[in-house]
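Undergrad: From first to last, the protein sequence lines stand for chains U and G. Quick note, the first sequence lines up with residues 1 to 83 if you use my numbering. Quick note, the second sequence lines up with residues 84 to 732 if you use my numbering.
Among the hints, erroneous ones may be present.
Claimed, not checked - Below, computed lysine to aspartate or glutamate pairings styled on EDC-like, alpha-carbon distance capped at 20 Å: (1) Lys54/U x Glu153/G; (2) Lys718/G x Glu10/U; (3) Lys20/U x Glu153/G; (4) Lys463/G x Asp55/U.
Calculated from the structure, these hints are not laboratory results. Note that this is a predicted model, so its numbers are computed, not measured.
Here is how the chains run, residue by residue.
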Amino acid sequence: MVVETIMTVEVAQASAMGMKAIGAGMAVGLTGLATSFAQYSIGTAAVGAVSENKDIFGLVLILTVLPETIVIFGLVVALLMLF
Amino acid sequence: MLIVASKNQLNSVVRELYHHNVFHIEDFTGEEGDGYEGFTIGAPLSGAADLSTKILRIRSLENTYGINPEKTDENGQQACTSLEARIDSELSSIEANVEAQNAEQNGIEVKIREYEQRLIELEPFITFPVNLSLLHGYENFSVLAGHIPKDVELPVDAETFFDTGVPGNLLVAIIAKSSLDEATTFLSEQGLRLIPIPDMDCIASERIAWFTQEITRLTAEKEQIDERIKAQREEHEAFLVACDELLTAEVEQMEAPLRFATTEKTFVAEGWIPSESVDKITSGLQTATGGKVYVEELEFDPVNDTVPIEYDNPNFSKPSEILMDTYSRPGYSELDPTIFLSIIFPIFFGFILGDVAYGLVLLAVSYGLRKVVKGEAGKKLLVVLRNLSISSIIFGLLFSEFLGFPLPWAPIGINRHLNIGTNSSGHAPDVVLLLVLSAWIGILHITLGRLIHIRNASVRFRNHKSHRNKVILGQTGWIFVMWGLLLIIWSIAAIPLMPDLTALPQIVSGFNVAGILGTVMLLTGVAGIAQDNILELTELPTVLSHVLSYTRLAAVGLSSVAIAMVTNYIAIGLIIEPALNDLSLIGIVVIVFGIVVFLLGHTLNTVLGLVGGGLHSIRLHYVEFFTKFYLGGGKKYNPFGMIRRFTEE
Chain U
1 MVVETIMTVE
11 VAQASAMGMK
21 AIGAGMAVGL
31 TGLATSFAQY
41 SIGTAAVGAV
51 SENKDIFGLV
61 LILTVLPETI
71 VIFGLVVALL
81 MLF
Chain G
84 MLIVASKNQL
94 NSVVRELYHH
104 NVFHIEDFTG
114 EEGDGYEGFT
124 IGAPLSGAAD
134 LSTKILRIRS
144 LENTYGINPE
154 KTDENGQQAC
164 TSLEARIDSE
174 LSSIEANVEA
184 QNAEQNGIEV
194 KIREYEQRLI
204 ELEPFITFPV
214 NLSLLHGYEN
224 FSVLAGHIPK
234 DVELPVDAET
244 FFDTGVPGNL
254 LVAIIAKSSL
264 DEATTFLSEQ
274 GLRLIPIPDM
284 DCIASERIAW
294 FTQEITRLTA
304 EKEQIDERIK
314 AQREEHEAFL
324 VACDELLTAE
334 VEQMEAPLRF
344 ATTEKTFVAE
354 GWIPSESVDK
364 ITSGLQTATG
374 GKVYVEELEF
384 DPVNDTVPIE
394 YDNPNFSKPS
404 EILMDTYSRP
414 GYSELDPTIF
424 LSIIFPIFFG
434 FILGDVAYGL
444 VLLAVSYGLR
454 KVVKGEAGKK
464 LLVVLRNLSI
474 SSIIFGLLFS
484 EFLGFPLPWA
494 PIGINRHLNI
504 GTNSSGHAPD
514 VVLLLVLSAW
524 IGILHITLGR
534 LIHIRNASVR
544 FRNHKSHRNK
554 VILGQTGWIF
564 VMWGLLLIIW
574 SIAAIPLMPD
584 LTALPQIVSG
594 FNVAGILGTV
604 MLLTGVAGIA
614 QDNILELTEL
624 PTVLSHVLSY
634 TRLAAVGLSS
644 VAIAMVTNYI
654 AIGLIIEPAL
664 NDLSLIGIVV
674 IVFGIVVFLL
684 GHTLNTVLGL
694 VGGGLHSIRL
704 HYVEFFTKFY
714 LGGGKKYNPF
724 GMIRRFTEE
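Pulled out of the complex, with its shape left as it was, chain G reads as follows (with noise of 0.2 Å):
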């Protein structure tokens, strides 16, 4: 969409659009030609400057008091206009505040360091019994103060004081000034390591008491302060957020002609806006500047132009769209595999996982993680992980799973029970089942894959009918490789779960009717991928690969089925059932052990299940589905306006 005007409308149309909330503006670089030759960058609507410093200050108040918009919950949403007036009075008022609190704290926190500082000079001196200021200010003494090891004797004359109470000793020395260096002498011989007397007219016990009282003193004080701060922010986090809001649109709309197209008197902005608004946008505009703007709707190439993408799938595979942002967000004229993976994903998921009470440990944490996790990503990531949940409790309800243990009735359909501990005489896993049907899951979906690069290449090249035909007969290649493949190995060899074709009748050299059509599927199939891009030829072997890949669901799946298995074979079997039969102060602890080994060995399992099925699961559908038919690269959808969740107009 175009809209023109002249500059007198710049405010009210940015108004509006603002207001609507639909209108992603198409940033004017000031570089490229067609038609803007002339055009510069618009420049901010006045106040803007204003308007940021006092964000600025509403910023550095919210750090100080440690709130974060994003992690508050709405209390309801403030009127607009009320909340300007209450922005000059209150906030400067706030700031005083916080800035005297600030200093208060920081002169208690200096006087507490200082103190500290005092003590440790004392400490050494606690059991000295006369007052510190005799130690000072003698002509004709000097004082040595020091640790050493042992009691000596001076050989010069000497008042010594010697206390073995502190640690090191302490021994103060009178001497006088000119048997001085002898004595220092002698003691450093000795070992004495001096200190520095403190200079405090006091008794150093009544005064270290004196200090230790203080010090508790500040501290409780700086408590205080402390509360009082998180009271206030209490008081204020409701006005700082909705004031942060109001003043963050603000600049929003205010800076928006820097994103237009401007010339002396008039500007140019070029957005998109998703069709069904486009007559609402037209005549909100119309009227908010009284008819004094001209809209138009352009035309616009589906394949070349970065078209901004908003997705548009069912309520049940919403949250499955933070794994399509992982990768990337589907281009314009895609088909959105988001539905797929929204269904696809779990029953992978709960493939390889396939254990009730797994299944119901992690449907706990979703629950549980609400209301830990904030933010819109984490939020669907949980409702994503309720859904693997659930799938995993239902494989593991078929797979009869629980723990490791095997639940009252069998597996319906594929035995995963491996032979150890308990079950070492049991029906032995399906391996070769698992292996097949996964091959089976991988075929079916490379064949979805690349039935959905031809329906894309259809729309895309609808107007280059040759281009297309080559692509669509470049994927029909593909798929008729793959089952031409197929087909020969079913003449050849008779697998479990797949069709056996080998008793058919035989015509040229061992290879029976089916083989022969196989034989033929498989080379129309390469003309066909190499009339479409001869280099493709040398990925044939992903034909083989890719559906290979697929095993990995039976064998993480088997493997987390082990560890369980070992897990129960090791804590119980191993360590509790001996100890049961001896029941003594050993066996108890012998069992707490066990039960400490089977609680980690589950946990283990379960965060490996976790990390493990579902990595697996999604690389699956990045690499082996994706890679058949997804170009994505599309532009995230960014509207010129703001949900507000504070405030009101």
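One chain only, chain U, in its complex shape (with noise of 0.2 Å):
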């Protein structure tokens, strides 16, 4: 049994709207697993520095948090596809 739908101007633009919040979501959600991967590891090795060494604990945050960078560009990817 098929369902034939009118293809109208509102439900092109539904169907749109529909298809960008999608690719939005797909844009943070895939950059956040690779950028979860990459924190993943140097998390781990960030802890096991700092329960040596105590003072190491500012340098190993930043470079903890270097790989946002990558979820940053799929928010704004998301961003501009939103808006």
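Both chains are given apart, each in its own frame, so use the hints to dock them into the complex.
TA: The structure is reproduced here in structure tokens:
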């Protein structure tokens, strides 16, 4: 059974909005995965290093947050898409 | 500076240097050549070992009392000479006191444990009415006692006592020795778990009461001793930390010769002092040794020698030095970027967080934690936090945001309010404007970094003209590449907030005048970079990626606003408002739940904003700004001496 929809301007616009939303979601979601993989190993090493030498904490904190760039770019793409 | 004298003068030279606290000793390691053949490392001055033992005793006392000199406040300073006299007399008496109390405490603890153990043994017999000594010492009878699920009838003659009053039920059976085996087998089948019968001459319940009483009494005694120790701690704290400081200073001075180069009768000390202290030190040394010392100011190579570095910043920048130290101390001939950091870092943070309420909360936290946080580093960070929160409040007033709610005036310049909840039909946020503004900040920040590199190169290489020119051309090349690329982009597309150069007359294949100029700049820039170091060309894409990295200022800021507005929408729009129409008990519970959601969401957002906003802002400095010009690697200036907190000479 096939349901036929009449393609009007409103329907096209709504489905375009929906596609944009899916695109924005995927942009943030997938880049989030990438960042999490990167920060996972760095974070593990960082905690190991700090447990041996407390002074180094500030430096390893910065290093751990370095891959945040990837998800920020994903967020920027999502924002540009939605607005 | 070079100091040479005979070993007779060692003591006075060391004391004079320690007193001035500006001489950073260059340790003599005894390995390198260049002029120091035949020299050895010196031996500590006499009396060092004795003082070291005294310090150990004081430190162990501090440990017992839980005193930490770094965390102690200063209440006036004590004179050194009177302190020295007191050390010998009072130290031993304090130690004897502490030992006696420790012994007392240990004794009490052992007793308490013993009584508790006996209590455990006695507990099951609490309802047994007969004296426990009657269960021992029979020739023809054995006694079995234990826990059993239910009362049983023994197959042999026995006198039994069964009670359900204790957990597990108590069964005591006195059986003739001849039928012991049969009884044991029978009882274990019935599930008897044997327990030892305490060897005491008493009725269980009475003795249990006595033990419990004793334990309470002993615990009270122990607490009394703890109180006494605390009172003594107050009494001796000032004395102990003052002695600690005095003796540490003495030991440091005694061990200074270990860092000097010595021969049989002379010693040589090399070290760094600030240029303004040269005369003071020279005259001080001359008076202290009666002129029997040779002091000379040596030449050094600012590029290759590791000169110790101390910051010299205006007062408002001083707290940011801790952020610089986290990365690396500046080198000797570099521009110190602390000033830029202290101004721009709060601006970035305010741009990201931009909310009056969060700023006020962080300001309150930065003042509130002043009592809790001790130590130099912590206090500096709190001052930095105060600056960040003030910047956040200012930007919050500009962006018209208070806890996610719009303030009574429209945002000035840029609108960050998203279309969520009560603002669904309002003005959409100026996303593109925010992104372009962040890109502009990036372009300007990076250009500033490259200009600082040019300045650093011209100072470092002022003697190697050719190398200096190469580096300057290389950096100018980078600037040209970035601005050339920008000109090309402006000539092709009209971007808001950026100059629109698309309307100029076209010359070649779609490129207009600005485009041609841009291309020329780009190619010149590439040539400039290549003549400095051809491998740097692989870094060309960073022109784009580093500038775009600054768009995180807009993105993280918008996400912070989004979380705030969504929390408001959920807590107020979805939970509280519908419940306000129905004020029954369920309604009140729902309203309370809504308030909890509201508080949780905003607390989370504050923490995220502080950590995320702070980290991203500082990361922009460390990675995008510093990599353009910063070498770092400076050695911390650690002068020989001590800032006395508890004693005075």
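Undergrad: Given the proposed pairing of Lys718/G with Glu10/U, does the C-alpha separation stay at or below 20 Å?
TA: Cα-Cα ~68 Å, so violated.
Undergrad: Given the hint that Lys54/U pairs with Glu153/G, test it: the Cα-Cα distance must not exceed 20 Å.
TA: holds (17 Å)
Undergrad: Does the alpha-carbon distance linking Lys463/G and Asp55/U stay inside the 20 Å limit?
TA: holds (16 Å)
Undergrad: Taken at face value, is the distance from the CA of Glu153/G to the CA of Lys20/U at most 20 Å?
TA: Violated - the C-alpha atoms of Glu153/G and Lys20/U are around 58 Å apart, more than 20 Å.
Checked against the numbered hints given earlier, this structure breaks hints 2, 3; the rest are met.
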